[in-house]
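Enquirer: Sequence:
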Amino acid sequence: MTHDLRATAAPPQDHVAPLPRIAIQAFCETQEVKLIIGSTQTDRRMSKTMVRVHDGGMDACLEAFRQAPTPNVIIIEATSNRQRLLTQLDELANYCDAGTRVLVIGHTNDVILYRELIKRGVSEYLIAPLTLMDVISALSAMFNSDKSDKLGRVIGVVGSKGGVGASTVAHNLAFMTSTNLEIATTLVDLDLPFGTAGLDFNQDPPQGIAEAVLSPDRLDANFVDRLLSKCTDNLNLMAAPATLDRTYDFLETDFDGVIDLLRSSTPMIVLDIPHMWNAWTRRTLTSADHVVMVCSPDLANLRNAKTLLDVVKQARPNDDPPGIIMNMTGVPKRPEISVPEFIKALDGDLFAEIPFDPALFGTAANNGQMLIEVQAKSKAVEAMHEIARRVTGRVEVKAQKKSLLDPILHKLKIKAA
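In my numbering, the protein residues as written are 130 to 546.
Careful: at least some of the hints might be erroneous.
[Unchecked claim] So the derived label-pair ranges between C-beta atoms look like this: (1) Gln-504 - Gln-332: 43 to 51 Å; (2) Thr-216 - Asp-378: 54 to 62 Å; (3) Pro-461 - Asn-331: 47 to 55 Å; (4) Asp-449 - Phe-323: 28 to 36 Å; (5) Ala-429 - Asp-478: 57 to 65 Å.
[To be verified] Here are the simulated BS3-like cross-link-like pairs (lysine-lysine), alpha carbons at most 30 Å apart as the crow flies: (6) Lys-177 - Lys-435; (7) Lys-248 - Lys-435; (8) Lys-163 - Lys-177; (9) Lys-290 - Lys-248; (10) Lys-177 - Lys-442; (11) Lys-359 - Lys-462.
Quick caveat, the hints were computed from the structure, so don't treat them as lab data. Yeah, the Cβ is synthetic: ideal placement off N, Cα and C, and Gly gets one too.
From just these sequences and the hints, can you work out the full model?
Expert: Laid out in structure tokens, this is it:
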């Protein structure tokens with residue numbers, strides 16, 4: 130009897146959630162599998178894990194854990210026959226600590242073996258040859274499958290140069306996903322000294338992202354919830370203080386805790402990342418599920434975009450490249466690099482082009498409104514629709530057309546009740 134176990138394919142990359150802080154030990158029999166396991170820590174989803182790779186398969190594993198405690202996850206490559214592998218797994222069960230999970234990598238597409246492994250509590254069985262993302266997806270599913278529906282996506286929005294409108298794009302993107310796509314969204318303004326999210330949404334919250342980052346000992350879901358300001362039914366804001374009464378110097382991992390908490394409770398998180406380059410902005414940007422880069426069509430933007438694009442691609446080898454937004458195009462009498470030439474020079478992925486419209490953007494900024502609230506049929510709003518669709522992979526929720534019979538049917542329902 131044959132059955133293709135590869136039919137249970139790994140989920141798409143953008144649905145593969147980051148792993149928690151766990152220890153993983155792998156016991157490999159072939160060089161190919163050893164290299165793949167060893168390279169998993171180059172992926173952003175594995176940044177919190179500690180991975181150790183050993184030569185030798187099940188025999189080495191049994192020898193290692195006869196007297197030592199087992200890690201959170203054991204990965205075993207097995208080339209032996211079915212009966213020998215099952216016998217050795219039974220022996221390993223005597224040494225495993227409670228909570229230890231086992232992933233077996235085999236070289237046989239054998240449904241009987243698969244069923245026996247599952248009976249013995251093995252979390253997953255993968256068949257070589259495999260890819261790095263096969264392994265990461267399987268590991269992620271072990272720890273996230275029970276909450277995969279609630280685990281949020283993080284969108285990092287950054288400008289290739291100061292003043293290109295990255296914050297405006299981030300704020301309107303968050304508004305668009307929460308209203309037109311009806312996805313519960315949290316916008317986080319990470320420009321602590323000069324953030325404008327509060328102004329753009331006509332909000333003046335007393336607390337926000339600064340309190341979350343500066344009080345790590347108090348971080349929990351309830352504390353973070355108190356720091357959120359409600360903009361609409363589906364949109365919450367974690368605002369920046371926008372004050373200069375102190376300096377905002379942070380360590381590389383200082384924002385990890387609050388982003389993790391938001392990810393566990395909100396389907397969509399949009400990060401407005403300031404145009405600066407230090408340890409925490411680099412980590413925040415490269416750890417996002419999707420990166421959106423906002424540019425303006427001039428030489429300085431092209432140079433910065435190329436540099437930033439190269440760094441992000443190198444840090445995220447298993448992710449899609451950043452989406453590029455060309456903003457403020459078509460400024461009268463200003464020499465510009467054409468959008469096709471700009472994108473070709475970057476070898477990038479153009480998400481949308483937003484034309485220069487000072488009246489629309491100025492009115493929205495001064496009134497504390499979003500673009501769609503000022504002029505819903507504008508080209509800029511159409512571009513924002515496209516950006517929202519691209520980063521979410523979803524289509525817009527359109528209102529159902531009302532029938533002329535609706536009032537009559539409504540009255541009949543009332544009478545029947």
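Enquirer: Does each hint hold? Answer for all of them.
Expert: Verification of the supplied hints:
1. Gln-504 - Gln-332: 43 to 51 Å: This hint is violated: roughly 22 Å between Cβ atoms.
2. Thr-216 - Asp-378: 54 to 62 Å: Holds - the Cβ-Cβ distance for Thr-216 and Asp-378, about 57 Å, lies within 54 to 62 Å.
3. Pro-461 - Asn-331: 47 to 55 Å: Distance hint for Pro-461, Asn-331 is violated at roughly 30 Å.
4. Asp-449 - Phe-323: 28 to 36 Å: holds (30 Å)
5. Ala-429 - Asp-478: 57 to 65 Å: Taking Cβ atoms as reference, Ala-429 and Asp-478 lie about 21 Å apart, which means the hint is violated.
6. Lys-177 - Lys-435: The given pair, whose Cα atoms are some 29 Å apart, holds under the 30 Å limit.
7. Lys-248 - Lys-435: violated (51 Å)
8. Lys-163 - Lys-177: holds (20 Å)
9. Lys-290 - Lys-248: violated (56 Å)
10. Lys-177 - Lys-442: Status holds; Cα separation ~20 Å.
11. Lys-359 - Lys-462: violated (41 Å)
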